[in-house]
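Chemist: Chains A and E, in that order, give the protein sequences. Position one of the first sequence corresponds to residue 1 (this note's numbering), numbered consecutively onward. Position one of the second sequence corresponds to residue 350 (this note's numbering), numbered consecutively onward.
In case anyone wonders, no lab produced these hints; they're calculated from the structure. Glycine included, every Cβ here is placed at the ideal spot set by N, Cα and C.
DSSO-like cross-link-like pairs, simulated, lysine-lysine; straight-line CA separation at most 30 Å:
(1) Lys454(E) with Lys105(A)
(2) Lys271(A) with Lys335(A)
(3) Lys537(E) with Lys6(A)
(4) Lys213(A) with Lys355(E)
(5) Lys6(A) with Lys538(E)
(6) Lys547(E) with Lys620(E)
(7) Lys271(A) with Lys189(A)
(8) Lys312(A) with Lys271(A)
(9) Lys189(A) with Lys355(E)
(10) Lys538(E) with Lys105(A)
(11) Lys454(E) with Lys6(A)
(12) Lys355(E) with Lys198(A)
(13) Lys562(E) with Lys6(A)
(14) Lys537(E) with Lys547(E)
(15) Lys547(E) with Lys6(A)
(16) Lys105(A) with Lys355(E)
(17) Lys312(A) with Lys164(A)
Among the chain E residues that face chain A by a calculated CB cut under 7 Å, a handful are:
(18) Ser404
(19) Met408
(20) Ile446
(21) Ser448
(22) Ser485
(23) Thr488
Number of protein chains: 2
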Amino acid sequence: MNKKEKRTELSELGEFGLIDHLTKDLKNRHKETVKGVGDDAAILDYGNKLVVATSDLLMEGIHFDLMYTPLKHLGYKAVTVNLSDVYAMNGYPRQIIISIALSAKFSLEQVEELYRGIRLACERYNVDIAGGDTTSSMTGLAINITALGEASEGSTVFRSGAVKNDIICVSGDLGASYMGLQVLEREKKIFMEDPEIKPLLEGYDYVIERQLKPEARRDVIEFLSEREVVPTSMIDISDGLSSEINHICTNSGKGCRLFAEHIPFDNETVKVAGEMNIEPLMAALNGGEDYELLFTVRPDDYKKISDVAVIKAIGHITTPEEGLNLVSPDGSVIKLSSGGWNSMGKKGK
Amino acid sequence: MNKKEKRTELSELGEFGLIDHLTKDLKNRHKETVKGVGDDAAILDYGNKLVVATSDLLMEGIHFDLMYTPLKHLGYKAVTVNLSDVYAMNGYPRQIIISIALSAKFSLEQVEELYRGIRLACERYNVDIAGGDTTSSMTGLAINITALGEASEGSTVFRSGAVKNDIICVSGDLGASYMGLQVLEREKKIFMEDPEIKPLLEGYDYVIERQLKPEARRDVIEFLSEREVVPTSMIDISDGLSSEINHICTNSGKGCRLFAEHIPFDNETVKVAGEMNIEPLMAALNGGEDYELLFTVRPDDYKKISDVAVIKAIGHITTPEEGLNLVSPDGSVIKLSSGGWNSMGKKGK
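Turn these sequences into a full structure, and let the hints guide you.
Modeler: What follows is the structure, encoded as structure tokens:
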């Protein structure tokens, strides 16, 4: 490659900056491309149903560490993180297409184990494997999964539809996946220093499972449908609450007010965070990989779902002038940084 | 990873064997999955149009060598090889979704150059970029492209429909891409031994362009549609004629008789092959990456297209008992090996 040309480091832009830079003046050519670059998945209108399509590339050493990631879990996760993107459009995944690149260090049994996890996820989420391709890699493992799904016209949800006074909701609990990663990294470090010491993973089951084998929130999408609630905006939490609420507010041209005391945590997350001297709130805001759904609903619609344990109201949408605010339990207000978890090393779109 | 478990080397299966092994008992769950694993692309019925979807993962050092591959060409090729898969179903590509993993050695300008090639291909083939994702890589470049397209019911073409006496046709000419690769590898070797020697690429323009910047045969699909010919089977030539005709015959439960003297070559391919002491026929059979279309048509349909210069009849379909035969100009018959280009290092499905 040429050496003398102008060189801008990718780190100067960050991941979102790079995507924006590369796609900012793209124009769609087909009316079928209802939603392209700039959301969790593409929405394609090919007739009386909409097609939802999304794709994610996971690289060894960046998105997963085979020191502590069982291959079956990895396969499972590679599927669910994609399905999560389809659900985040209020769509229903139907098919996946898999591409895997493998170095010679992998055996058939190991690839089978990976596929076992992929197939388990497909069974659990009622999804077909509609294509599979394996190829070689010089260096480790790369997995790309494309998820395709369907949605009905009028029910797809983008990041851009939030309106002032909408209630901001989140499913499940946050920060656990990040705490699970901290436990795994700590035990890896101890193991590297002395391979005789057995990893201490007992009592960390929930946070570790959230990191290694996350689920996609089909139940939430089905529940919203049953109650006939279509969110005004929605996104899945892959990069952390701070980054995701920023996507919603920026794309909707709005501000927000989140209340720290309403952000849901599992007891184990709080316990592990205490051990590690990490604020649980920081894990929720910047940790990522929770794969919960963050969405906004009209106040009237919120009444229809307020009794559901798995959905929590954590704030509301404001005018853009007010910016992105997080209210602490003592009433003080913290401005949420717009960058979110803005690292090239973290996955997200 | 565990060391004591049974270990079967991937090389024992070969690429097709691995895919077969991993997918042999897959069952589709949705009637929309008209065509899943086992063809060039997936066909999904979501309404009154069929969706065609395909995905390919290209890894640095396996599928491309950045020593002699300009990034713009690489981007272009990453798109066209996917579109080729859509055309091979008799479909029309409409959108692509891109995932790119990059190591720190890449600059913004280089990624832009890659994207420039991607966008040029999208313009030329009238395709939308419906999703784009970049992430980090520990080691070099990985590109995954998913292509989505549409097809009408009754016009999709699988590998499995060939009938006895069908005429076997191929578009364009074969073997050029493989000869281009040989030229590039030769010049790379010379350059590695003495960087002062300038690569000698003049007079090799056609074969090098076929390797670095292949086109997908939209013209052939459009032409067949104009003449109202629906092939009985079709595949694109990514792994070599031998491998592809084997896919068609195996999936159709048939045999074939190909005539060596009818296989089309460009003059430059024959010239370069002579220089390199390679049989042009071997380049066509086992070289791959020509991205031409190989298809079968009913004898009556062949009459409708026999005047077209870009399509050549190279043989006909026989009973399975006769096997796969290649007739030499002197009348002797060579059995085509069933394995084709059966290397993990070569792309294909």
